[in-house]
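Numbering (this note's numbering), first residue to last: 5 to 220.
Treat the hints with caution; some may be incorrect.
In silico BS3-like pairs for lysine-lysine, Cα to Cα no more than 30 Å straight-line [stated by the list, open to error]:
hint	residue 1	residue 2
1	Lys184	Lys111
2	Lys184	Lys132
3	Lys153	Lys111
4	Lys153	Lys88
5	Lys88	Lys111
6	Lys111	Lys132
7	Lys88	Lys192
8	Lys88	Lys184
9	Lys132	Lys192
10	Lys111	Lys192
11	Lys88	Lys148
12	Lys192	Lys153
13	Lys192	Lys148
14	Lys184	Lys148
15	Lys148	Lys111
16	Lys184	Lys153
17	Lys153	Lys132
Beta-carbon label-pair distances, calculated as ranges [to be verified]:
hint	residue 1	residue 2	range
18	Thr81	Asn187	15 to 21 Å
19	Val203	Gln179	32 to 38 Å
20	Thr150	Lys184	33 to 39 Å
21	Gly85	Glu121	23 to 29 Å
22	Ser160	Asp200	41 to 47 Å
23	Gly168	Asn82	37 to 43 Å
24	Pro84	Thr178	20 to 26 Å
25	Val189	Ala98	29 to 35 Å
26	Tyr167	Gly85	33 to 39 Å
27	Tyr167	Asn86	30 to 36 Å
28	Ala134	Ser202	37 to 43 Å
It should be emphasised that the hints constitute simulated quantities derived from the structure, not laboratory data. By construction, the Cβ of each residue, glycine as well, lies at the ideal position given by its N, Cα and C atoms.
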Amino acid sequence: MTAGISSQRRNRFHRRGHHPELRRLQERLSDAGAEPVKKQSLQFPTVTCDDDGNLSFSNVAVTIAAGNGNGFKMGGTNLPGNHKLLNSISYDNAAKGIDSNSCPDVKVYSSTSYNNEGYNVALYTGNKSAVTDYTADGVISFRKGTDGKEQLTLQSQSSTAVYGPNNFYWDSETQTSHNKSTNTVTVKESWFESLDTSVAPTRTQTAASICTACSC
5 MTAGISSQRR NRFHRRGHHP ELRRLQERLS DAGAEPVKKQ SLQFPTVTCD DDGNLSFSNV
65 AVTIAAGNGN GFKMGGTNLP GNHKLLNSIS YDNAAKGIDS NSCPDVKVYS STSYNNEGYN
125 VALYTGNKSA VTDYTADGVI SFRKGTDGKE QLTLQSQSST AVYGPNNFYW DSETQTSHNK
185 STNTVTVKES WFESLDTSVA PTRTQTAASI CTACSC
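Work out the full structure, taking the sequences as your base and the hints as a guide.
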């Protein structure tokens with residue numbers, strides 16, 4: 005699917021419950037609303053895998069009142085997994101957009117999180133004695149008409165691995181998304197081709213590479 009909503013840096017957007025490309029990510033269907041709490045008839049997504057090991061989901065499961073509404077839930081039980089999320093978008097979710105779910109070593113690349121009801125980006129672990137190993141590059145967290153904070157809890161690791169110049173996190177105090185750099189850059193709505201999340205996305209075969217670097 006191509007982005008129905010996309011960034012000028014070619015980020016791909018998806019609707020709630022749809023999952024774009026993942027790389028070695030343990031997908032949790034519960035957050036797509038596919039984990040039943042009662043017996044119900046469900047239609048599960050069709051999953052395809054390309055030559056690079058990226059997974060694509062279509063025919064998303066029927067949404068029911070189950071799961072906790074996170075977009076990408078990338079861990080569990082404080083266990084390390086080195087899970088990677090790249091070239092992805094999470095938006096309009098009922099909870100967090102990108103959620104480490106206590107995994108201490110998640111890697112996030114070239115991905116955007118927009119207008120989620122919880123944190124747009126949450127990197128944390130419940131193991132307070134663990135040394136985290138989070139990495140982020142090319143991450144954009146943006147909001148319009150909503151507010152919220154990020155949850156970036158680093159433990160005994162370098163902050164530059166998460167707060168690099170190509171990462172833009174939402175600042176609730178200034179109501180802007182910006183990087184942390186000597187040359188501060190603030191995200192503008194004009195960076196995006198559209199922020200209309202009511203438009204269903206499609207995908208073209210030519211969208212093989214997506215990046216979020218400002219020079220793109």
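Status of the hints after comparison with the structure:
1. For the suggested pair Lys184 and Lys111, the alpha carbons sit about 19 Å apart, so the restraint of at most 30 Å is met.
2. Proximity of Lys184 to Lys132 is assessed by CA-CA distance (about 25 Å); at most 30 Å being required, the pair is judged to hold.
3. With a CA separation close to 20 Å, the supplied pair Lys153 and Lys111 stays within the 30 Å bound.
4. The straight-line distance between the Cα atoms of Lys153 and Lys88 is roughly 22 Å, inside the 30 Å bound, and the hint therefore holds.
5. Straight-line distance between C-alpha atoms of Lys88 and Lys111 comes to about 5 Å, which keeps the hinted pair within the 30 Å bound.
6. This hinted pair checks out: Lys111 and Lys132 have alpha carbons roughly 19 Å apart, not beyond 30 Å.
7. As the CA atoms of Lys88 and Lys192 are separated by approximately 27 Å, the hinted pair is consistent with the 30 Å bound.
8. As the CA atoms of Lys88 and Lys184 are separated by approximately 23 Å, the hinted pair is consistent with the 30 Å bound.
9. Only pairs whose Cα atoms come within 30 Å are accepted, and Lys132 paired with Lys192 is rejected, the gap being roughly 36 Å.
10. Straight-line distance between C-alpha atoms of Lys111 and Lys192 comes to about 25 Å, which keeps the hinted pair within the 30 Å bound.
11. Restraint check: the Cα-Cα separation between Lys88 and Lys148 comes to about 27 Å, which is no more than 30 Å; the hinted pair holds.
12. Taking the CA atoms of Lys192 and Lys153, the gap is about 18 Å. The hint holds against a cut of 30 Å.
13. For the hint linking Lys192 to Lys148, the alpha-carbon distance of about 11 Å falls within 30 Å, and the restraint holds.
14. Taken as a hint, the Lys184 and Lys148 pair is honoured in the structure, with Cα atoms around 21 Å apart against an allowance of 30 Å.
15. Restraint check for Lys148 and Lys111: the C-alpha separation of about 26 Å stays at or below 30 Å, so the hint holds.
16. Distance check on the hinted pair: Lys184 and Lys153 sit about 15 Å apart at the alpha-carbon level, within 30 Å; holds.
17. For a cut-off of 30 Å, the pair hint linking Lys153 to Lys132 stands: about 21 Å separates their Cα positions.
18. Judged by the Cβ atoms, the range 15 to 21 Å given for Thr81 and Asn187 is violated: they are separated by roughly 40 Å.
19. At about 25 Å, the beta-carbon gap between Val203 and Gln179 misses the expected band of 32 to 38 Å.
20. Checking the proposed 33 to 39 Å range against Thr150 and Lys184 shows it is violated: the Cβ atoms sit about 22 Å from each other.
21. Checked against the hint of 23 to 29 Å, the C-beta distance between Gly85 and Glu121 comes to roughly 26 Å, which is consistent with it.
22. Distance hint check: the CB atoms of Ser160 and Asp200 are about 42 Å apart, consistent with the given range 41 to 47 Å.
23. Distance hint check for Gly168 and Asn82: the Cβ-Cβ separation is about 25 Å, which falls outside the suggested range of 37 to 43 Å.
24. As the Cβ distance of Pro84 to Thr178 is approximately 34 Å, the hint placing it in 20 to 26 Å is violated.
25. In this structure the supplied range 29 to 35 Å holds for Val189 paired with Ala98, their Cβ-Cβ distance being about 30 Å.
26. Between Tyr167 and Gly85 the beta carbon distance is about 22 Å. The supplied range of 33 to 39 Å is therefore violated.
27. As the Cβ distance of Tyr167 to Asn86 is approximately 20 Å, the hint placing it in 30 to 36 Å is violated.
28. As the Cβ distance of Ala134 to Ser202 is approximately 41 Å, the hint placing it in 37 to 43 Å holds.
The structure shown violates the earlier hints numbered 9, 18, 19, 20, 23, 24, 26, 27.
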